[in-house]
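Student: The residues making up each chain are set out below.
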Amino acid sequence: MTPAVQVTDLRITTADGAVLVDGVTFAVGDGERLGIVGESGSGKSLTALAVQGLLPAGLTATGSVRVGDVEVVGAPERTLRGVRGRAVAPVFQEPMTALDPLMRAGDQIAEPLRRHRGLRGAALRDAVLEAVTDVALPEPDRVVRSYPWELSGGQRQRVAIAMALACRPRVLIADEPTTALDVTVQAQVLDLLDRAVADRGMGLLFISHDLPVVARTVDRVLVLEHGRTVEEGPVQDVVRSPAQPYTQRLVGSARALQDALDAGRKGA
Amino acid sequence: MEPLLALDEVSYRYPGRNTGLALDDVSFAVQPGGHVGIVGESGAGKSTVLRLLLGLAAPHTGTVSFDGAPLDLRDRAGMRRFRTAVQPVFQDPYSSLDPRQRVDRIVGEPLRSLAVASGSEASDRIEAALRDVGLDGDAGRRYPHEFSGGQRQRIAIARAVVSGPRVLVADEPVSALDLTTRVAVLELFERLAAEHGMTIVLVSHDLAVVARLCASTVVLRGGRVVESGATRRVLAEPETAYTRALLDAVPRLPV
Amino acid sequence: MSARRTAARPARRSVSLVVGAVFVGIVVVTAVVSLFWLPFSLYDTTGGRLTPPGAAHWLGTDTLGRDLAAQLLVGARIALATGLGAVLLGGVLGTAIGLVAAFARPWLDDTLSAVLDIVIAFPTLLVAMLLVAARGASLGTAIVAIGLVMSAVVARIVRILARRVLRQDYVTAARTSGTSWFGIVTQHVLPNAWPTLAVNLALQFGLAVLAEASLSYLGLGAPPPNASWGRMLQDAQQTAFEAPAGVVAPGLALVVLVIGANLLADGLRDVADPTRRGRGATRGRVSRLQTGPVAAATETEATDGRPA
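Chains as they are written, first to last, in our numbering: chain A, 1 to 268; chain B, 269 to 523; chain C, 524 to 831.
Simulated from the structure, these hints should not be mistaken for laboratory data.
One should not assume that every hint holds.
Distance ranges between label pairs, derived from CB positions [said to hold, decoys possible]:
#1 A/Arg104 with C/Asp632: 28 to 34 Å
#2 C/Trp704 with B/Glu277: 29 to 35 Å
#3 C/Phe645 with A/Val70: 44 to 50 Å
#4 A/Arg240 with C/Ala795: 47 to 53 Å
#5 B/Ala345 with C/Gly659: 55 to 61 Å
#6 C/Ile549 with B/Tyr282: 34 to 40 Å
#7 B/Pro338 with C/Trp704: 22 to 28 Å
Far from chain B by the CB rule (all over 12 Å, computed), these chain C residues [what the hints assert, rightly or not]:
#8 Leu649
#9 Val655
#10 Val688
#11 Ala696
#12 Gly706
#13 Ser737
#14 Val778
Remember, it's a predicted structure, so these values are computed and weren't measured experimentally.
We put the CB at the ideal spot given by N, CA and C, even for glycine.
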């Protein structure tokens with residue numbers, strides 16, 4: 001069975017020849033969770049965009065990105081449209097800009113349902129309500145009628161997740177989905193992602209700079225620095241015994257902050 | 269001993285008819301040497317507390333005091349003393365530096381506007397501040413866009429310390445920074461506070477950051493103080509369910 | 524720790540800037556020359572009616588026997604004077620009003636914005652005609668009319684630019700540094716608003732020149748023997764096929780000056796915005812996109828230290 005996403009030797013360069021991503025290789029199978037961790041300039045977000053064929057103009061990708069049986073690198077827009085949503089669906093960091101401020105939440109969730117599952121009328125309305133309930137949004141009727149600015153950050157992100165799930169993609173690509181959220185809301189949204197992915201047997205590509213969040217959410221992790229893969233492996237191993245100096249620095253910083261919290265908790 | 273800064277039963281409401289109280293009966297004090305962390309999620313009132321602490325707004329009820337005396341925003345001489353002593357560091361290193369000014373001009377603004385120093389004394393202080401935060405002396409001749417986020421934050425810190433303040437009010441100073449840079453900048457705060465006898469008021473949603481730096485913590489929620497006290501105590505034995513929920517929500521690395 | 528430089532000052536020039544500067548420069552030189560020397564006096568009607576271009580009269584003469592080249596040169600003076608005068612008036616007045624609106628309380632801001640919208644809705648020519656009816660046709664009246672309408676447009680722009688700047692943390696930092704509001708306006712608001720404003724003023728310059736030409740064409744500009752290009756077009760209209768030079772010369776002159784001003788504006792924008800040109804242009808563009816998924820992909824050299 002072909003993996004849901006197979007990226008081989010992906011290189012992304014700018015028009016002036018600067019290399020932003022240099023030879024990244026990974027695969028995400030059905031039901032697998034892969035995390036990509038890196039700081040700014042690591043190329044992790046560009047990689048996520050490349051998988052969806054959403055690289056900004058002026059950047060070129062070489063290498064191979066196969067989503068199912070479709071080669072994304074160099075594919076025409078028509079092919080990419082078939083891939084996006086159906087095979088891979090995104091959840092971005094800033095829900096306020098991922099959602100159309102002029103459309104009600106219900107209509108925005110209805111759009112992918114209409115396009116990818118061909119639902120209409122009453123069936124569509126029911127599916128929208130079901131999608132909203134699936135992401136544990138309280139008062140589904142009110143949410144469906146609301147505009148994005150009437151919802152809180154956490155609620156908007158749940159709507160964005162509902163939109164992504166509505167297409168029943170093979171892989172969910174989440175790029176810093178909880179970075180802009182309060183910590184309590186973050187915990188809830190991460191739980192939601194956990195459940196959604198597990199229930200549907202979807203793959204998850206989770207991208208973040210926040211090591212503890214990634215560690216809690218994925219099984220395997222890829223560590224990127226300046227566009228290159230520095231280390232990869234099961235997340236528990238990488239975090240407990242980082243092999244490379246860069247990874248050690250990352251883990252060290254995360255632990256330093258966590259220790260401060262723990263020192264307090266133990267009343268030491 | 270008079271607290272350096274204090275909020276006393278302060279309430280604040282933003283203009284507009286249907287807005288509720290942004291702050292409701294908030295009180296806490298900042299003692300010299302005792303770094304204070306103000307923790308809260310969005311809508312808790314952190315930005316409002318900041319504006320009050322920085323003398324950018326006056327409370328509707330209650331008092332904001334500096335050195336034991338109530339702060340009068342219209343008293344120019346008093347405000348000048350206040351501003352020389354209380355300086356901010358903001359969250360976004362990309363919007364807190366004027367992109368069209370050179371770094372030395374940016375860092376020197378407090379010296380000029382508060383008439384603290386001028387001429388060669390000012391240049392010396394600017395250069396010293398830049399070095400203090402770990403930047404080259406010649407960074408002053410460059411423009412903000414030539415620096416990374418972490419470096420820009422250091423420039424902002426240099427601007428904050430150049431007037432020799434007694435209080436540094438930091439608004440999410442490391443939230444916009446990479447993990448590895450965060451720890452470095454926090455250590456910088458600690459060192460500067462110790463070396464220059466400054467007290468830090470740190471506003472953040474990140475409990476770990478507050479725990480790292482602050483001896484006491486104030487937890488805000490919906491404009492009210494739900495818990496406050498020594499950081500160790502608040503973290504080890506939180507009194508409210510909300511604080512406990514905050515602590516539990518922090519994702520942890522496997523040991 | 525040393526600073527890392529992004530594409531600091533790329534070498535590639537803006538073509539628009541150069542071409543625009545050349546076009547405008549030609550007209551400026553012409554105007555300056557006309558102050559010291561003219562091939563013929565404007566009052567000299569000895570050239571013979573509609574003489575074709577030749578050795579004596581380079582562009583020929585008009586229906587009254589006056590030299591066209593001389594009129595063209597003097598017309599350059601008028602076009603430039605109007606353009607600059609209107610931009611000066613509109614720029615200064617507009618900036619002042621825009622700043623007031625930016626700092627004003629909501630009710631004042633709304634009122635001002637409504638007034639500005641009404642003024643902008645009035646065609647420049649209509650305002651000019653009203654003024655001329657009141658005070659008589661003259662170059663000064665034309666400049667004032669054009670400048671007044673322009674000031675409303677400038678005010679709108681300055682208001683938005685100023686508000687954007689006032690929202691930035693560095694303005695809050697300036698306040699806590701003890702800088703007065705006046706200091707904030709002069710040290711932070713105006714310098715940051717200037718690049719965008721300058722581009723717009725260059726465009727307005729071109730529009731002012733066209734407006735003056737229209738007014739003169741309608742007979743509402745400076746009275747004869749003023750040699751505005753617009754008035755030249757009016758004069759040569761009837762005899763356009765007999766003596767095309769009378770129409771082509773001022774028409775071409777207008778085109779050169781206005782297109783030159785527009786290219787200059789384009790070029791200024793290229794120069795003022797480092798993310799649009801040469802090396803680092805794409806990366807700069809990627810980093811400037813503040814919204815949505817691409818914001819997360821801001822992988823430029825100078826963004827280390829910033830998550831995602």
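Student: A separate judgement is required for each hint: does it hold in the structure or not?
Tutor: Hint by hint, here is what the structure shows:
no.: 1; hint: A/Arg104 with C/Asp632: 28 to 34 Å; in the structure: 30 Å, holds
no.: 2; hint: C/Trp704 with B/Glu277: 29 to 35 Å; in the structure: 31 Å, holds
no.: 3; hint: C/Phe645 with A/Val70: 44 to 50 Å; in the structure: 57 Å, violated
no.: 4; hint: A/Arg240 with C/Ala795: 47 to 53 Å; in the structure: 52 Å, holds
no.: 5; hint: B/Ala345 with C/Gly659: 55 to 61 Å; in the structure: 56 Å, holds
no.: 6; hint: C/Ile549 with B/Tyr282: 34 to 40 Å; in the structure: 57 Å, violated
no.: 7; hint: B/Pro338 with C/Trp704: 22 to 28 Å; in the structure: 24 Å, holds
no.: 8; hint: Leu649; in the structure: 39 Å, holds
no.: 9; hint: Val655; in the structure: 42 Å, holds
no.: 10; hint: Val688; in the structure: 9 Å, violated
no.: 11; hint: Ala696; in the structure: 6 Å, violated
no.: 12; hint: Gly706; in the structure: 6 Å, violated
no.: 13; hint: Ser737; in the structure: 37 Å, holds
no.: 14; hint: Val778; in the structure: 35 Å, holds
Against the hints set out earlier in the document, violations occur for numbers 3, 6, 10, 11, 12.
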